[in-house]
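*Asks:* Residue-level listing of the chains:
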Amino acid sequence: MDVVTVKLLVAGPFAAGKTTLISAISEIPVVATEAEVSDETRATKLNTTVSMDYGKLTVADDDLRAELLMFGTPGQERFSFMWDVLSEGMDGYILLADLSRPETFAEARTILDHFRAMSDVPFVVAANRSSGYPEPIAALADALGLEEEGTVIPCEAVDRESAKEVVVTMLLEVLSREEVMVE
Amino acid sequence: MSVQEAGPRGSAPGEELAIQETISELRRAARDVSGVMVATSDGLPMAHDLPPENHLQTAAMAATAVGLSRRIVETFGHGGFEEAVVRGRDGYLIVYSAGPRAVLAVLASGGANLGLLHHVARRAASRVSDLLA
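If you read the protein sequences in the order shown, they are chains G and X.
Sequential numbering from 1 applies to the first sequence in the working numbering.
Sequential numbering from 1 applies to the second sequence in the working numbering.
Hints are computed from structural coordinates only; laboratory data are not their basis.
Take the hints with a grain of salt, since some may be wrong.
Claimed, not checked - Simulated restraints on C-beta separations:
{"#": "1", "chain 1": "X", "residue 1": "ASN113", "chain 2": "G", "residue 2": "ALA139", "range": "56 to 66 Å"}
{"#": "2", "chain 1": "G", "residue 1": "ASP84", "chain 2": "X", "residue 2": "ASP90", "range": "16 to 26 Å"}
{"#": "3", "chain 1": "X", "residue 1": "SER109", "chain 2": "G", "residue 2": "PRO102", "range": "46 to 56 Å"}
{"#": "4", "chain 1": "G", "residue 1": "GLU40", "chain 2": "X", "residue 2": "VAL73", "range": "54 to 64 Å"}
{"#": "5", "chain 1": "G", "residue 1": "GLU147", "chain 2": "X", "residue 2": "GLY91", "range": "39 to 49 Å"}
{"#": "6", "chain 1": "G", "residue 1": "ALA139", "chain 2": "X", "residue 2": "GLU25", "range": "49 to 59 Å"}
{"#": "7", "chain 1": "X", "residue 1": "SER109", "chain 2": "G", "residue 2": "THR58", "range": "40 to 50 Å"}
{"#": "8", "chain 1": "G", "residue 1": "SER80", "chain 2": "X", "residue 2": "ALA29", "range": "53 to 63 Å"}
What the hints assert, rightly or not - Over 10 Å on every C-beta distance to chain G, these chain X residues come out as not near it, computed from the model:
{"#": "9", "residue": "ALA63"}
{"#": "10", "residue": "VAL86"}
{"#": "11", "residue": "SER109"}
{"#": "12", "residue": "SER129"}
{"#": "13", "residue": "ALA133"}
Just so it is clear, the structure is predicted and the values come from calculations on it, not from any experiment.
For each residue, glycine too, the CB sits at the ideal point set by N, CA and C.
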């Protein structure tokens, strides 16, 4: 059986659900670096990632075992230096946006543009909290400058199966487009 | 030069003035220090004496360094986080815990007396922690 190790980043605006997504699927205790929110965004969420999250998920079929190393980034732009630090050697990235808060779509676009300018590894866009918000998926795809809304995966980051579907989609993108390290 | 940030940072104006005074004392006591930042644990400036173009990123970096360092000391069972020293050939950035809500970052030249620096900066961090308690 082939074994591949794949490094994935989870990026996206403040409070999109990045730490939640990694926590939902990691098979190890997530290494999280959270601090209490001190400004007006406290109304949205009490804690925020200041450095990184780290989690791991192994998926396998008959031919291949993939170890996914998942790195979560801080969302606020003041931490953008960490986006660059963590993206070193990445095989792909997930851009997570909160579909219930369209006011964050422009910020999601800024982050996606930052990553696309930095790297040409594959990415997928996941729309968190998609239940009950079927319509804005097209709005999100449009705000992100994506040509087809089908490239956005609806998800619920708190739900293990839903979160897993996002990272497996990312993995398949990586395997189809990238040479990954096969041991 | 000392700058006080406007806006809700979870501290009263009197506290912020006292933090600025603590920064000034630190500067007087350690000559090799080139800049001081007191930031919230989530990376927003509270008070500092850095050039305006540097202060936002410095506050975020201080919080990142402390956040990761806290996680490292927890992982290895080394007790509560106290400080982390980042040394380059030509200078230091040292971050100190200043209670649960704040961090103290000190920039110093490569020739700085680290013993003296720790002595005065730990005292300053402790004072900031008390002010915000």
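*Asks:* Against each hint, give a clear statement of whether it holds in the structure.
*Replies:* A quick look at each hint next to the structure:
In this structure, X:ASN113 and G:ALA139 meet the distance hint of 56 to 66 Å, their C-beta atoms being roughly 58 Å apart. The hint said 16 to 26 Å for the Cβ distance between G:ASP84 and X:ASP90, and at roughly 22 Å that hint holds. In this structure, X:SER109 and G:PRO102 meet the distance hint of 46 to 56 Å, their C-beta atoms being roughly 48 Å apart. In this structure the supplied range 54 to 64 Å is violated for G:GLU40 paired with X:VAL73, their Cβ-Cβ distance being about 31 Å.
The hinted window of 39 to 49 Å between G:GLU147 and X:GLY91 holds, with their beta carbons roughly 47 Å apart. Separation of G:ALA139 from X:GLU25 is about 53 Å and conforms to the stated range, judged on CB atoms against 49 to 59 Å. X:SER109 and G:THR58 have their C-beta atoms about 48 Å apart, which keeps the hinted 40 to 50 Å range intact. With their beta carbons about 34 Å apart, G:SER80 and X:ALA29 fall outside the hinted range of 53 to 63 Å.
Against the 10 Å criterion, X:ALA63 falls within the reach of chain G, whose nearest CB is about 5 Å from its own CB. Consistency note on X:VAL86: stated as away from chain G, and its beta-carbon is indeed over 10 Å from all of that chain's, at 13 Å minimum. For X:SER109, the condition that its CB be more than 10 Å from all CB atoms of chain G holds, with the nearest at approximately 23 Å. Every beta carbon of chain G lies more than 10 Å from that of X:SER129, the smallest distance being close to 14 Å; the non-interface claim holds.
Chain G leaves X:ALA133 outside its interface by the beta-carbon criterion, the shortest separation being 14 Å against a cut-off of 10 Å.
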